[in-house]
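First to last, the sequence lines map onto chains P and A. Following UniProt numbering, the numbering of the first sequence begins with 1 at its first residue and continues without gaps. Following UniProt numbering, the numbering of the second sequence begins with 1 at its first residue and continues without gaps.
If you are wondering where the hints come from, they were derived from the structure by calculation, not from laboratory data. It cannot be assumed that every hint is accurate.
Here are some, though not all, of the chain P residues that point toward chain A, as calculated from beta-carbon distances under 8 Å [to be verified]: (1) Glu62; (2) Asp73; (3) Pro75; (4) Thr84; (5) Phe85; (6) Met88.
The calculated lysine-lysine pairs, modelled on DSS-like cross-linking and capped at a C-alpha distance of 25 Å, are [to be verified]: (7) Lys602/A - Lys284/A; (8) Lys187/A - Lys92/P; (9) Lys92/P - Lys138/A; (10) Lys187/A - Lys12/P; (11) Lys525/A - Lys290/A; (12) Lys158/P - Lys98/P; (13) Lys122/P - Lys139/P; (14) Lys284/A - Lys19/A; (15) Lys98/P - Lys126/P; (16) Lys12/P - Lys35/P; (17) Lys122/P - Lys98/P; (18) Lys12/P - Lys390/A.
Note that the Cβ used here is the ideal one computed from N, Cα and C, for glycine as well.
Below, each chain spelled out in residue letters.
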Amino acid sequence: MGFKNAPMTTVKPVEGKENLFSPEVRAEIDSWIAKYPEQWRQSAVMAALRIVQDANGGYLTEALMDQVAAYLDMPAIAVYEVATFYSMYELKPVGRHKVCVCTNVSCMVNGSDKIVDHMEQKLGIKLGETTEDGRYTLKEVECLGACGGAPMFQIGTKYYENLTPELVDSILDGLE
Amino acid sequence: MSEDQTVTIEVDGREIQAKAGQMLIDATDAAGINIPRFCYHKKLSVSANCRMCLVEVAKVPKPLPACATPVAEGMKVQTRSPLAIAAQKGTMEFLLINHPLDCPVCDQGGECELQDVALGYGDDVSRFVEGKRVVMDKEIGPLISTDLTRCIHCTRCVRFGAEIAGVRELGATGRGEHMTIGTYIEKSVDSELSGNMIDVCPVGSLTSKPFRFRARAWELIQRDAIAPHDAVGSNLHLHVRRNEVMRVHPKENDAVNECWISDRDRFSYTALNSAERLDTPLVKTRGEWKESGWHEALTRVASGLKEAGSDLGVLASPGCTVEELHLARKLANGLGSERIETRLRQGDFRTAAGAWLGQSVTDLERCSAALLIGSNVRKEQPIFGHRLRKAALEGCDVSFINPLELEMNYAARQIVTPPAAMAGEVAAVARAAGAAGPLIDQAEVTERHQAIAERLKAAPAATLLLGNLAQAHPDYAVLLTLASALAKATGAVLGQLPAGANSVGAQLVGAVGDGLDAMLAQPAKGYLLMGVEPGYDLWDPAAANAALTQSGFVVALSGFRSESLEAVADVILPVSAFAETSGTFVNAEGTWQSFAGAVSPKGETRPAWKVLRVLGNLLDLQGFDHDSSEEVLAEARQQAEGRQLDNAPADAVTECRLVDAALTRIGDVPIYAVDALVRHAAPLQKTRDAIAAAIYINESEAAKAGLTAGMQAAVTQNGTRVILPVTIDPNIPNGCVRIPAGVAGTEQLGGQFGEVTLEKA
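Chain A extracted, bound-state conformation (with noise of 0.2 Å):
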């Protein structure tokens, strides 16, 4: 029977269309027919465990769980015959054996799968008067909190760490009434997506410890929001109570996310209300920071631009607003100035290509082959990571071209190689497919190379991704003219990972100038900062830091309080964070999504957007007066009207800057670091991925440089000298160090990618 077969079942009497091959509970779903269930997820494999969804199938003499039986022509079906009803009632009753009665404790509570089944099928006295088992809870993290005596053995947290998460951190060990969820032995669980665990767990056994005894169900305010942390665009549901984002849980789409998200989604919300948020607007007067009110500031802030004038520049995060990039160009050409850029870790800007995933997100699941080059996007853009992780275990043939070794979880092909021979292993790969020109046309090809290229061209949909680290290389240029190469030679989709949440819609509204080096070799008279802290956000923090401090006036548009911002700044104006302002993102594959205010601005702040509308006014400028951030949409949307981007670069860069030296720093972004409001998330901080500033360094690297683990040492970089612990990491090839950028204690170092030294501290 094929897969497409349609086949008629009579469900209750009803006539239902399903697929050949189908489980019936998927059927029963689609018509709209509600069957209980515990185990069964439709994004999960089917254990058929727990029994619930047991109906009647005409025929057969014993009930079916409706989660493992396939459909077939001319099935009867009765879900609520006296036969299912009894079956039903039974595992319910079964099933409340051992469940605390725990409800107005528990954090399910109003929203509990097992107490809405309970209201339909169980009975109101419990004919079990034994003991009930109690499990010792276990601690396996700050993200999820665990009450295992309420655990009814699903084990969809299981299958989701096995199969979704690719990762088995959670296990069903002992058996019968010593059955328990956990890890055995104490260790936390780690997964970038662990937070969905929650979401799939249908009683309060694994409950969000963040959000732990903050709030009941039936007391928030569900509202849609679009995360701002990459490029996925993730569909969100903030709940929210009294004007506070109390958790954040995923909005399905399957066109995006389905129904997952990453923790960094899940729980950067914690961060609204940390107490380095920025609620008041500071004015920096003879050196000293003091808050004043908005008009004073603003106009302070005005004059400052006003002399600047043509001689601005503005360096805006790829995480803005398009209507806040809009406005921030609009000013910026207002006053005579060309120079905005948000490609803020882009190492080299030697030629212009529109950055985009170059193909729809639901594409990546379905590729056939992909080559990642430069790219961890199983930590960069954890949504992504998981579309080609279903790939690859449909059998995909995924290689990546790295600086480091990354712990997978799935197969994968992975070349490790020093920053400067990376593209040196891109070009022998499209050498070996076929394609000449300079640097292509010297590349050693090696059996290897030659699998890579075989693969591409021999996949019906295969795929060229460029990730984060390719983009901060300072050969990035020669890295997209080799792939681009690459991807002529082998048919094969040419896509870039671009790193912020809207940085699609920044290329799309003229956010981008001439690059990095073109706005702070040369300082300029004053420069507008928005949502950036210089030693955290750019590729270069010292040359940053630099240019900053010669300038004459800085302004920042920032929502937290910095020290890297205050040491630069003049003025800080305070402006609304994630979920306190309206907006639109642009994701990867182009879509718009725009998202209302769920929560109205923290203290003082206002919308960025706002603002900018009243300096475009205290400066005389045309065409700031929008009433609102739909005016301002309709404006940005005309003007990115027609432009197309296109990954393929403009001019062919061959040259390459980046020389090997004897030690060279791989300045990666760790996945709790990409943004102000992830790096003030507490709980995300105390997770095993919150990197921090270390030198990681393998073994006979650190050897020759007299270098053991837990030793302070000195990294000097471009004559910045910082004092780092050391970290034996065997995953860093030799002549390499990685020192994370983004993280505290890197402030002041270079570019992301660079030589560096290292001694004895």
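Next up, chain P with everything else stripped away, as it sits in the complex (with noise of 0.2 Å):
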């Protein structure tokens, strides 16, 4: 029996569950779990990860995976090969606002490429980086399937299309 077919869970499931995350935390990963059936709750580790993402100001730490994976009765390894693989976890802290530029064939066919030196040039910092107030960070990410939009970026659960250096000032400026 391979672990594709079964649920490689933990043997021993974890006491006190109530005590891990916040209890707005927990509800809303329990609402995901809902919707997997009772042996699969393994399956909501990718929405676990991202609301406790959220709610640790945007990136994840080995204590908060260990706790995801206490919390749906995982090995911890296994939490950590999924928040790895995917790039919209981050494991070091990022700024407030994180813009996910897309560097994709459509966008850079037309134009990310200044797009991105516009913004490394207004923000001072390189793709990857973070300002030193900790306002923002920027990522180079693939396509996020909006290139009828494109050049693109992504700030937060919004997408901007269509950019210009113009635009992406006003839109920097316009963030809190």
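Using the hints, put the two chains back together into the complex; each one sits in its own frame.
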């Protein structure tokens, strides 16, 4: 029997799950667990990591990943695998506004390089860095599926499309 | 389509039969058609991630992975068509992109699956001119070294951990080019089966740390052997170079160990050349140990034994071979003594029973309900633990009644109770199952007893197993009586998990007597110790030391120098250890497995059977003129003929001796303390499973005694006082303290179970 066909849960469920996370975070994770069959609690791992990351100011720590593992009765390494695989999980602190700028084919053809240059100059940081005041993080990402509006970036849960340097200025300056 | 239906497929123009639903690669492997592969392993789940086994299937436009393609009637497969070869070569080229060209300094070089397949499918020149990736190596413990730059991400090690070892320690973190195998956080790999990851790794990414840079594969000669540390009888390949065992690999035997072995069997060879190996006879004269020649030492032994005469006691390790035990018994008989004992860790001899598995090894994984009494099977007999885990994953209901909570790698019901209450728990299950008798009638049945009894009764194949903790229990006879009643009431097979590699053989050749009490309560005039270190290998080291000190003459046959031995012995004869002697072990299921010596005896050591034969001659005893161990074996087999072991006790014993004390010791024998060879294996002693002598106690009991973690405390057992550190362990029940036996620091203490008192040191 492979661990793809059966849940690879820990043998001994962690006690005291009610002491992990805040009640709101727990309630949100529970709503995701409820979407899956009972023995497939671990299927909620991606949602749980996202919820925990949002509640922690945009990034995950080892301690938080361990707590997610405990909450879902998973081996910790299985949670690390998920968290390191997907680029939207952050394992180091990020700025208040994470600017995810697409540099994939469509955006590149439509001048994403110019957008990146402009932002790097404006904020004084390179891709993958965070401004000293902790306001912005610039992150290069792959296609976000908004090729029709290329070039584009994502901040928080919002897509900004058909970017020009002027538009970028007004968007970034308009953020709190 | 039912599972046993066969279908006919055509591979490379050849018709072969396959089971419906079987994967294509299984069918071709069975037919001897080779398809290259890396991630596929017959004992692991299919992941189909390496793509090396792509083959052409008629009417399918793209090549398919043979490991993940089920066979179907009339399927036409080409493994060497232009399409298949192009796909395989393409995969090979991608796999080699990031693989370093460091074969000359790689331990896997010469026995590497990647090297072999690259020879067949790789190009001579790489088209990849960019920089190769480099991955930092990780420290994952004393047994496995990592060279992760060589990893091709087949994930066999990850799947092994999840599916066979049952603990997910390794994982694949990151993705794409950044994917690496590791633990993510700094952590060691601690499974008792971890060494098998070295075998499943198709490249040199995970290699044996003790073997690292010590030899090349083509210098090694492969010889067969049988594992000497537990009653599984795992089949081994010893890899020998210039008369030295360089490493140990499993030899595949589906009836015993499949293709796995425990780390204990794999790495214990490192003790063969340890500094404590004894290679010349030692004789004590006026309290001083002196090296001596064999002749002088043997003459001294012969006169000592003659003096002891019929008052000779033989204590032999259950890891001695059939031949050694047969000759030892014969020697004692020749001198008029019937006193020989190999059940050195048994706590109760009030009834006689033949201890064996009661079924075949493969039956273990087919059982549908199992109750283990006093057993930490995962650490005591790791391969049996694995078989039971397989059963559990197939739905077997496994329960334990133990004096301490175990860390399990599958879901099992655990009843944890102080040692004195164990009999009551077994009695309660027996009562729930409808058995009657003393103890059973008074037992208090709760829901959990009812649940276990019901499952045992309902299961088409149920088994009851008594483990090493049960055998060491002072009320072993009671536990066995109750288990026997329970087995009768439920129709379950009664079995035992013997401790030593030859525990069953010892019983068959008559190397068991009336018990340790009979042997040690009254000191005998002379003792012969075989593979025994009194402080480590006996149930009650304090009693053993007392008896041996008072005895007139003690001769020890030992592979190692040992303070514990030197304190009590008069002569120590150096005997060949594992791999240096020929012999036979009878494993738990009763299979006789003989082996030849793989290397010649170290230094002046001699195989123990030869030493015993010479002693027989020196003592002018009849029937000691064997020319080979095969002759001894033939004689022993004759002796054993017709002897049947029966786990059911000869007499029903229902009187409990272990009373409920304020604090009872649980003296388990940790996995890497079972015999002298393992105790001297340095890499094993560095693992997390090498449990040190300490006072393991739960928080509330510690608080009662005013102790905290890390503090030194004094333990007193039968008047002997020992200072040990305190470790808080929530797995120990109230009223108990776990103080392991067989480890340095407890060699003066009393029995493995019994009343102890604690105080601040």
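Evaluation of the provided hints:
A hinted interface residue such as glutamate 62/P counts as satisfied when its beta carbon comes closer than 8 Å to some beta carbon of chain A; here the least separation is about 6 Å, so the hint holds. Interface restraint check: aspartate 73/P against chain A, minimum CB-CB distance 11 Å, threshold 8 Å, status violated. Taking 8 Å as the C-beta cut-off, the interface hint given for proline 75/P holds, the closest approach to chain A being about 4 Å. A least Cβ separation of about 4 Å between threonine 84/P and chain A falls short of the 8 Å threshold, and the interface hint therefore holds.
Given hint, phenylalanine 85/P at the interface with chain A, holds; its Cβ is 5 Å from that chain's nearest Cβ, closer than 8 Å. Nearest Cβ of chain A to the Cβ of methionine 88/P: about 12 Å, over the 8 Å cut. The hint is violated. Taking the CA atoms of lysine 602/A and lysine 284/A, the gap is about 22 Å. The hint holds against a cut of 25 Å. Proposed proximity of lysine 187/A and lysine 92/P is supported: the alpha carbons are some 21 Å apart, at most 25 Å.
Under the criterion of a C-alpha separation no larger than 25 Å, the hint pairing lysine 92/P with lysine 138/A is consistent with the structure, at around 21 Å. Only pairs whose Cα atoms come within 25 Å are accepted, and lysine 187/A paired with lysine 12/P is accepted, the gap being roughly 20 Å. Of the supplied pair hints, the one linking lysine 525/A and lysine 290/A holds, its CA atoms being roughly 23 Å apart against a limit of 25 Å. This hinted pair checks out: lysine 158/P and lysine 98/P have alpha carbons roughly 11 Å apart, not beyond 25 Å.
The hinted pair formed by lysine 122/P and lysine 139/P meets the criterion: a straight-line CA distance of about 15 Å does not exceed 25 Å. Proposed proximity of lysine 284/A and lysine 19/A is contradicted: the alpha carbons are some 68 Å apart, above 25 Å. Simply put, lysine 98/P and lysine 126/P have alpha-carbon atoms about 13 Å apart, close enough for the 25 Å limit, and the pair holds. As the CA atoms of lysine 12/P and lysine 35/P are separated by approximately 23 Å, the hinted pair is consistent with the 25 Å bound.
Between the alpha carbons of lysine 122/P and lysine 98/P the distance comes to roughly 15 Å, so the proposed pair stays at or under 25 Å and holds. Only pairs whose Cα atoms come within 25 Å are accepted, and lysine 12/P paired with lysine 390/A is accepted, the gap being roughly 18 Å.
In terms of the numbered hints stated before, the structure departs from hints 2, 6, 14, listed from lowest to highest.
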